[in-house]
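Single-letter residue listing:
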Amino acid sequence: MILDSKSPAGPLAEKWTKHKFNSKLVNPANKRKYDVIVVGTGLAGASAAASLAELGYNVKAFTFHDSPRRAHSIAAQGGINAAKNYQNDGDSVFRLFYDTIKGGDYRARESNVYRLAEVSVSIIDQCVAQGVPFAREYGGLLANRSFGGAQVSRTFYARGQTGQQLLLGAYSALSRQVANGKVKLYPRTEMMDVVVIDGHARGIVTRNVITGEVETHAAHAVLLCTGGYGNVFFLSTNAMGCNVTAAWRAHKRGAYFANPCFTQIHPTCIPVSGDHQSKLTLMSESLRNDGRVWVPKTVETAEKLRKGQIKAAEIKEEDRDYFLERKYPSFGNLVPRDVASRNAKEVCDEGKGVNETGEAVFLDFRDAIKRDTEALIKAKYGNLFDMYQQITGENPYQTPMMIYPAVHYTMGGLWVDYNLMTTVPGLYALGEANFSDHGANRLGASALMQGLADGYFVIPYTLGDYLAQTPPVKVDASHPEFAKVSREVKDRISQLLNIDGKKSVDYFHKKLGKIMWNECGMARTEEGLKKAKADIQALRKEFWSNVKVLGQNEELNQSLEKAHRVADFLELGELMVDDALNRNESCGGHFRVEYQTPEGEALRDDENFAYVAAWKYTGDNKEEELVKEPLAFENVKLTQRSYK
Amino acid sequence: MSWVKKTLSSTLGRKLIMALTGLFLILFLTGHVSGNMLLFKNDGGEAFNMYAKFMTTNPIVKLLSYITYLSVIGHVIYSIILSGHNKAARPIAYAESKSSTNSSAASRNMGILGTVILVFLAGHMYSFWFQMHWGEIPLVNYEGEEYKNLYAVVQVAFQQFWMVGLYVVAMAFLAFHLSHGFASAFQTLGLSHKKYSPAIQFVGRVYCILVPVLFASMPLYIYFTSQS
Amino acid sequence: MKLTLKIWRQKNSADTGGFVTYPIDGISKDMSFLEMMDVLNEELTEKNQDPVHFDHDCREGICGTCSLYIDGKPHGPLQTTTCQLHMRSFSDGDTITIEPWRAKAFPVLKDLVVDRSSFDRIIQAGGYVSVNTGGVPDANEIPIPKTMADLAMDAAQCIGCGACVAACKNASAMLFTSAKVSQLALLPQGQIERKTRAEKMVAQMDAEGFGACTNTGACEAECPKGISLTNIARMNREYFSAVMSSENM
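Chains as they are written, first to last, in our numbering: chain A, 1 to 644; chain B, 1 to 228; chain C, 1 to 249.
Incorrect hints may have been included.
Calculated pairs, SDA-like style, for lysine to any residue (alpha carbon to alpha carbon, straight line, at most 20 Å) [unchecked claim]:
# : chain 1 : residue 1 : chain 2 : residue 2
1 : B       : K195      : C       : D150
2 : B       : K194      : C       : T147
3 : C       : K47       : A       : N498
4 : B       : K5        : C       : K195
5 : C       : K195      : B       : E96
6 : C       : K11       : A       : K484
7 : A       : K502      : C       : L44
8 : C       : K6        : B       : E96
Take a look, some chain B residues computed to stay more than 12 Å from chain C by CB distance [to be verified]:
#  : residue
9  : S9
10 : M37
11 : H133
12 : E136
13 : F215
Quick caveat, the hints were computed from the structure, so don't treat them as lab data. Virtual Cβ for every residue (Gly too), placed ideally from N, Cα, C.
With the sequences and hints as input, model every part of the structure.
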């Protein structure tokens, strides 16, 4: 079976315009007869809910947070790309499209990526009109910077809090619609399942996090804007609450899950300090502009460092290995995220890690401070240095920073067609929750762009096309399917509460995270993945017989919430391993040790793997079925990356 | 005029009343302290008594005095309303609070400071203002005109050590009340600007010390000069 | 490190609640405060006791979800969020008192978790520019002086954690409300609805039962994002000029 992406025919640059014209419209007077459910209120969810409400649809927006403003989009630091070419430096929609396709290592759909680049310009207009305080030049016009190794300055930013400002912009638009009565907001309400009737998504089942009440909500369409699943690794830069549950429930109800193994590892995170660690903190990769990455040349010296017998400053120049500069003379410390990450892991695996746990490399500003003075470095990176000091208790002006890669973003997600519809009609996925635009690797400052593109400028058109073909008759939750799914949800809750085992939920989550990180992280081998699959299956079995969830359903019960999420991660983890095993090539964030060039670079296999791997759920504890969406590249030439 | 009622029952409207009445009372204090400086004049109280008569008879001053009474009453009533509202905003108190690390004691205790000042004010008004208007005060004659000899009343009052002590302590309370109240009134009115706010704060700091010190020096001066 | 934790426990909003003391051992100075709480909760789970519930999410100081009143101060001894507070700020043998935010407008839901939806309702009352998606001018057609954009950004940095309310002796939400009023009052995009916004947001703030500001400055001193009191003065200005001149009766 082959998946149809429904990408419109015709020249790339005209696809979206044509598609919009060909989409059916809902009569303005009829819009109020349609109910739409939006799950998640981050960039994608809030922007979609607001835009659809503005059009006249009745929107119900759900978030498990206490407020829409808490969504993890808020933590994005760097910026948002847009092909405005305000800097007159040669940017264009096509160049942004090209960079994104290439950056994604040729594993994304051309038509989607081009549309993303095309609407990027409108996003900036929209956000400015909302009052988002982007950085400005003295003349009052918008400022840009170059980001993540891009050759043009197309990144718009609001200090180091771009995600926050964009989310608050979308949140304000959403709040306005709440005040207008067009959006009904359900905070502290977690989606537990999707209800599919006659093959169409017709609602969801939720749990009120405070009262434990299981409720049903019916609508003509359901939008999942529920973010990524990086927390399958336990430790990641994601917020503690980020989870795959909504997407996974949808997957089990018939939505295919695409490219689950594509995860992005970010090289400049603060290393793990011990077993108590609950999350990892990202530091802007701009630090690599001035910091030099190194480890001691010998394992013996590294051991002494780890035992605290010597200090970094005492290691002589000739005993240091600036491994990125050595291996990549032309890009040096500025190689892409995946390359920098993998190399750090390699040297640590060789036993040259520099902190107590042996999983850290130095990022040294000594030479930069000598060259530029401490004051200048402070002006550039002061807030990052402060943050580092606050977390580690060490002064990075005096001792080199220590960094280690961490899981940051998941490119995989629910498979969607050009309309952002999953394989279940009426069920859509937006933002990080879908797989669509980043291929095997995401470029810096592109996540915010995609979330808002999907919510503000894509879904208002594509959803209309679907609804126009759905009769405007009232839907309610009286259909027996709602009662059935609701019962299943309640059964699962009581099952979790009644296992009464010995181990906490976190115990399982941490164990799963270790398996995923070791075998399905930065470097993957067939042998390791096979072992991981068996380990996950065993762990999942143990979970369902030995997990301890205290308390009851009818109260705020954070252990119960976590248990649901971890149960789903335990299933997703196995699928990620399956996907990584299936993809016998290396591309972007997916590095299979068996497939590398003689120089140790990722070796793509375009002949056999230029496809999206979408997985179809076939039943509990059964192997999932692989369905392919072939990727055709008509507008770009596939090349091998090289940073030597 | 529903909008006026609405505004004055909003927290900001009530704060506006606190700020405006407070500022007017600061103006009053300035006038009061300047006039009372005549107590230092070594003329047996002639200038002070003439000033006192002027203050009780001049129609413009009379008008101002009514505004002052209203200001005191308004300031007190609205502080009670606001304090009640503020208390209700936190029905359960913290078991432990380190508020001294984030705010000044005066700013947190304006109500207590104000209550003490109000009690003092009642006594103060009874001792002098009431006596001046309706009490039996000896008369003096300057250049053929009769004057109430308030100066003598003041002299008698401040020869008692406890009275002097009471006044000095009360002025300390006033100083702390003003130390927050002065700049706070400007902040409430929205008069905050990085060019001018430092000046307002400076004047506030000087004012909150200068005026109470001058007031306190009067009973002290009388007490000590009468002892020698 | 060995510590004694005195923690507010409350089953639900109807329960009266009270303090429970827990000894805890083996705490490393490198742990964040919330990781210390994680350790406690693992121990409680082990002993079949209900874990302590507290709000938290990003654990990098930006989402504004975490909210503990630690040893008499919102977010603890440093001017940062609780999630960014590390155990090296405490000493071996310390007793740490942990309470929920206390305000009528922030009712306790369970243990240390409070309901801050009143903040959302204040924003819903007018904390936005009424523009629909699409049909807006090109971004560079709205030039904004850099100084104004920077001031607006200073105010916009608010993370809505509620530490200002928690710190204020009157449980006033003036700093929070004024940050949004200021941001939009400083930008040309916010001018059209300027008066109505100030009036409505202040009215909603009052309706939620927050206290009045007495300019103690505690909010500014405790705000993890350094939101300035000048925003409150600006909001007062905005409000007074709005009620005097707007068309709203």
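Right, here's what the structure says about each hint:
1. B:K195 / C:D150: Distance ~18 Å between K195 (chain B) and D150 (chain C) Cα, so the pair holds.
2. B:K194 / C:T147: 13 Å, holds
3. C:K47 / A:N498: 17 Å, holds
4. B:K5 / C:K195: 18 Å, holds
5. C:K195 / B:E96: Roughly 40 Å separates the two Cα atoms, so the pair is violated.
6. C:K11 / A:K484: The given pair, whose Cα atoms are some 31 Å apart, is violated under the 20 Å limit.
7. A:K502 / C:L44: Holds, because 13 Å separates the two Cα atoms, which is no more than 20 Å.
8. C:K6 / B:E96: Distance ~11 Å between K6 (chain C) and E96 (chain B) Cα, so the pair holds.
9. S9: The assertion about S9 (chain B) is violated, with a minimum of 9 Å to chain C.
10. M37: 31 Å, holds
11. H133: 35 Å, holds
12. E136: 43 Å, holds
13. F215: About 24 Å separates F215 (chain B) from the closest Cβ of chain C, which puts it past 12 Å; holds.
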